[in-house]
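**Q** One letter stands for each residue in the lines below.
Number of protein chains: 2
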Amino acid sequence: MTLPLRIGLLGLGPVGSAVARAILDKREVLERRSGAPLELRRVLVQRRGLPRTVDESLLCFDAEEILGDPEIDLVVELLPGEEPAYEYIVRALSAGKHVVTGNKEVMAKHGPDILQLAAEKGVDISFEASVGGGIPVIGPFKLDLLANRIHRVRAIINGTTNYILTQMATHGSAFSDALAEAQALGYAEADPSKDVDGIDAMYKLTILGSLAFHLRVRPEDIYTEGITGLAPADFRYARELGYAIKLLAIGEEEDGAVALRVHPALLPESHMLAKVDGVFNAVAVEGDLVGPILFHGRGAGGGPTSSAVVADIIDLAQRSAAGPTRVHPPLFEDTYAIRRMDDVRTGYYLRMLVQDRPGVFAQITRALGDAEISLASVIQKENVLLGEPAAEYAEVVLMTHRTREATMQSALRIIAALPVVYRIGSLIRVESE
Amino acid sequence: MTLPLRIGLLGLGPVGSAVARAILDKREVLERRSGAPLELRRVLVQRRGLPRTVDESLLCFDAEEILGDPEIDLVVELLPGEEPAYEYIVRALSAGKHVVTGNKEVMAKHGPDILQLAAEKGVDISFEASVGGGIPVIGPFKLDLLANRIHRVRAIINGTTNYILTQMATHGSAFSDALAEAQALGYAEADPSKDVDGIDAMYKLTILGSLAFHLRVRPEDIYTEGITGLAPADFRYARELGYAIKLLAIGEEEDGAVALRVHPALLPESHMLAKVDGVFNAVAVEGDLVGPILFHGRGAGGGPTSSAVVADIIDLAQRSAAGPTRVHPPLFEDTYAIRRMDDVRTGYYLRMLVQDRPGVFAQITRALGDAEISLASVIQKENVLLGEPAAEYAEVVLMTHRTREATMQSALRIIAALPVVYRIGSLIRVESE
Numbered sequence: 002m003t004l005p006l007r008i009g010l011l012g013l014g015p016v017g018s019a020v021a022r023a024i025l026d027k028r029e030v031l032e033r034r035s036g037a038p039l040e041l042r043r044v045l046v047q048r049r050g051l052p053r054t055v056d057e058s059l060l061c062f063d064a065e066e067i068l069g070d071p072e073i074d075l076v077v078e079l080l081p082g083e084e085p086a087y088e089y090i091v092r093a094l095s096a097g098k099h100v101v102t103g104n105k106e107v108m109a110k111h112g113p114d115i116l117q118l119a120a121e122k123g124v125d126i127s128f129e130a131s132v133g134g135g136i137p138v139i140g141p142f143k144l145d146l147l148a149n150r151i152h153r154v155r156a157i158i159n160g161t162t163n164y165i166l167t168q169m170a171t172h173g174s175a176f177s178d179a180l181a182e183a184q185a186l187g188y189a190e191a192d193p194s195k196d197v198d199g200i201d202a203m204y205k206l207t208i209l210g211s212l213a214f215h216l217r218v219r220p221e222d223i224y225t226e227g228i229t230g231l232a233p234a235d236f237r238y239a240r241e242l243g244y245a246i247k248l249l250a251i252g253e254e255e256d257g258a259v260a261l262r263v264h265p266a267l268l269p270e271s272h273m274l275a276k277v278d279g280v281f282n283a284v285a286v287e288g289d290l291v292g293p294i295l296f297h298g299r300g301a302g303g304g305p306t307s308s309a310v311v312a313d314i315i316d317l318a319q320r321s322a323a324g325p326t327r328v329h330p331p332l333f334e335d336t337y338a339i340r341r342m343d344d345v346r347t348g349y350y351l352r353m354l355v356q357d358r359p360g361v362f363a364q365i366t367r368a369l370g371d372a373e374i375s376l377a378s379v380i381q382k383e384n385v386l387l388g389e390p391a392a393e394y395a396e397v398v399l400m401t402h403r404t405r406e407a408t409m410q411s412a413l414r415i416i417a418a419l420p421v422v423y424r425i426g427s428l429i430r431v432e433s434e
Numbered sequence: 002m003t004l005p006l007r008i009g010l011l012g013l014g015p016v017g018s019a020v021a022r023a024i025l026d027k028r029e030v031l032e033r034r035s036g037a038p039l040e041l042r043r044v045l046v047q048r049r050g051l052p053r054t055v056d057e058s059l060l061c062f063d064a065e066e067i068l069g070d071p072e073i074d075l076v077v078e079l080l081p082g083e084e085p086a087y088e089y090i091v092r093a094l095s096a097g098k099h100v101v102t103g104n105k106e107v108m109a110k111h112g113p114d115i116l117q118l119a120a121e122k123g124v125d126i127s128f129e130a131s132v133g134g135g136i137p138v139i140g141p142f143k144l145d146l147l148a149n150r151i152h153r154v155r156a157i158i159n160g161t162t163n164y165i166l167t168q169m170a171t172h173g174s175a176f177s178d179a180l181a182e183a184q185a186l187g188y189a190e191a192d193p194s195k196d197v198d199g200i201d202a203m204y205k206l207t208i209l210g211s212l213a214f215h216l217r218v219r220p221e222d223i224y225t226e227g228i229t230g231l232a233p234a235d236f237r238y239a240r241e242l243g244y245a246i247k248l249l250a251i252g253e254e255e256d257g258a259v260a261l262r263v264h265p266a267l268l269p270e271s272h273m274l275a276k277v278d279g280v281f282n283a284v285a286v287e288g289d290l291v292g293p294i295l296f297h298g299r300g301a302g303g304g305p306t307s308s309a310v311v312a313d314i315i316d317l318a319q320r321s322a323a324g325p326t327r328v329h330p331p332l333f334e335d336t337y338a339i340r341r342m343d344d345v346r347t348g349y350y351l352r353m354l355v356q357d358r359p360g361v362f363a364q365i366t367r368a369l370g371d372a373e374i375s376l377a378s379v380i381q382k383e384n385v386l387l388g389e390p391a392a393e394y395a396e397v398v399l400m401t402h403r404t405r406e407a408t409m410q411s412a413l414r415i416i417a418a419l420p421v422v423y424r425i426g427s428l429i430r431v432e433s434e
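Residue numbers (our numbering), protein chains in the order written: chain P, 2 to 434; chain R, 2 to 434.
Keep in mind that the hints were calculated from the coordinates and are not lab data. This structure is a prediction, so every number in the text was calculated from the model and none was measured. Be a bit skeptical, because a hint or two may be false.
Identical copies go unnamed one by one, so any copy, or any two together, can satisfy a pair.
To be verified - Listed next, the in silico DMTMM-like pairs over lysine to aspartate or glutamate satisfying Cα-Cα at most 25 Å (straight line):
| hint | residue 1 | residue 2 |
| --- | --- | --- |
| 1 | Lys276 | Glu241 |
| 2 | Lys122 | Asp63 |
| 3 | Lys27 | Asp335 |
| 4 | Lys143 | Glu287 |
| 5 | Lys27 | Asp343 |
| 6 | Lys122 | Asp335 |
| 7 | Lys110 | Asp371 |
| 8 | Lys276 | Glu287 |
| 9 | Lys27 | Glu255 |
| 10 | Lys143 | Asp316 |
| 11 | Lys27 | Glu334 |
| 12 | Lys195 | Asp278 |
| 13 | Lys122 | Glu66 |
| 14 | Lys143 | Asp344 |
| 15 | Lys276 | Glu434 |
| 16 | Lys143 | Glu65 |
| 17 | Lys122 | Asp343 |
| 18 | Lys195 | Asp63 |
| 19 | Lys27 | Asp289 |
| 20 | Lys122 | Asp316 |
| 21 | Lys276 | Glu432 |
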């Protein structure tokens, strides 16, 4: 008879509740698939007296009742934010317990240390739920794609912002209106900054980039820009040019260096990522053998995320039951350097309001030409709006070929300072197929 | 020092060559990720004197030199068709060797027996490459999605037919022209019947269905219909109605029974599967926890398929190096019955040529009404073509709501026998979101 896997659960929010419900309601089938009995021993909650999905007798209010219980084999950590989650994970691993976590912030900030601690203690830490909800993305990088040299990862990994961008593209909504709608539907939090400023996507890219490139990626290695500066006009022009606008998390290897960045980007409409709408997530990967592949699904919510958490539990149960586990090759190969954002080469979309008189366009293109930036396309619109000085302005939209970020930024400063340029509307990077 | 994994390779076609090249060219990184040295010991080929990707000294021409060599731990089987591949796999497993195969026909026809033999012998058989090339699909079903009850799998798993259908949809080509083009490009074989008749997709659905529903699926359990009957007109009408036409492999659970079928289907243009074009494959899965997810990528070719084969090799190396392997829970739970095609309920698209005179339409709708089949939409076109008897004909296209297959087929026989109906053009099933 196989020994049961005794589980302590930290947190009973939407994901924790869905995990507890799955373990309790699907016990028979999950145990058959695990090859071992699964026993939910104790659940840490913050407050007494709330209606709960698990029996009152399982609840505890002090983490020590789980972390200090020698009979608990596995700690499932599903708390929000960095602390006390990080502390609890370290204590659990130090006590020789396996850990399953869905905590992207902890894994992004402390992943390498946590993995090393787990290795030293001979226990496992799994974190499939930390990126992409129930979409298998960590698993594929840890095994299925291991034969590949990964060239590029591009992902839509924040459902809140993808919902907002879809509303702006479909209905021409302003950012603030689309955000308010997302908040009303429960897709965005009251303080939406972690989502709309790209922080959530940046944490997830830290994890994805580490796995894809076998590299120690830290949050500060990632250039991060949110979606608050996008205007309805950008979506109209993008469509005219055959592009969608998405908040992308991008990791890209070239000449031995990896660039990692989160920012809004124009993406050709024919690309599968451009077709990912609403709260859906998708991760597109390009490998030397496999070519381009894409994973698509719901990236958040109790159900989808619990699917990943319970899969990690089953995986652990299967391996614990068999005795010694598999060989874990070193996760980090440290083959690559990190490329700074200044040195990234990409195309640019530039929208600005300029004085509507002869010679203006020549001044702008000269500034670009001087920096050796070549134009891919130009849209010029008569503009009915009058600026603050009583004059007529025209909206000009340019798309450039690939150039260095630093080169583009310095050309932009020169253009912005031209007396004929009234205002820079937006600068958005352009991704190719 | 870990013992090397000694590999015998059966077959050096496009996939076998790509696998051999990966093992030889990427040795250092693959060994680091495997946790064990990988040694390509011997390669079975059919003929002498051809230019090869591996050193002449590795080649052999008699399978016994691999299957009978006690020093070979792992046999990688990449031969075309059922025999002698099946025989070799059985001999390898019986001799206590692990097997990695990409052979969908063998796995579809003999999967349960092979899995049982491997279990009896205490060795592993892996077959990620048998479906979807390098797209991880077997792995997700064997682990990542294991917490779910799977409701439905719908897949585009034959690149040849998806290329042909994309050409027909995009350029209005006739089937024969699109097929000839696919053949010229190397996407279709000289004898294309296994692809265009749906046989290849059916083998793959046998494997996917077994994994998704934990059920012993046999090829004869699957209703199979190819794409040879589709006409350019069907693609025009489908688009008018907001649908794409795809060859789908579908497995669907309802009320404790699973229906499995391969046939062309109308699919709403908004569905992610409708956006899968050219030789690409995609597998869409719906689970009770994870909701809808989709995997997309190249489903064939040496590179992508070798990505899956080498991942299976790394997996095996990691586990062999650790000693005892994980617990393999029983693959088959046999919870479900198989639902016969007659009892499947779906929508239908029906195109026919009828006499262009009053009362004709009433006769057709009466036949449908008598069978309690309700109409979802109707298109009627004046037709310039004259039939063989000198008369004017009109093309009528109907879409029905969901009804039983047997009911629809018997109504169709009644309609086809009506004197006013000149010819049934096509009957295509309709999938919902």
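**Q** Could you tell me which of the hints above the structure violates, numbers in ascending order?
**A** Result: hints 5, 7, 14, 16, 17, 18 break, sorted rising.
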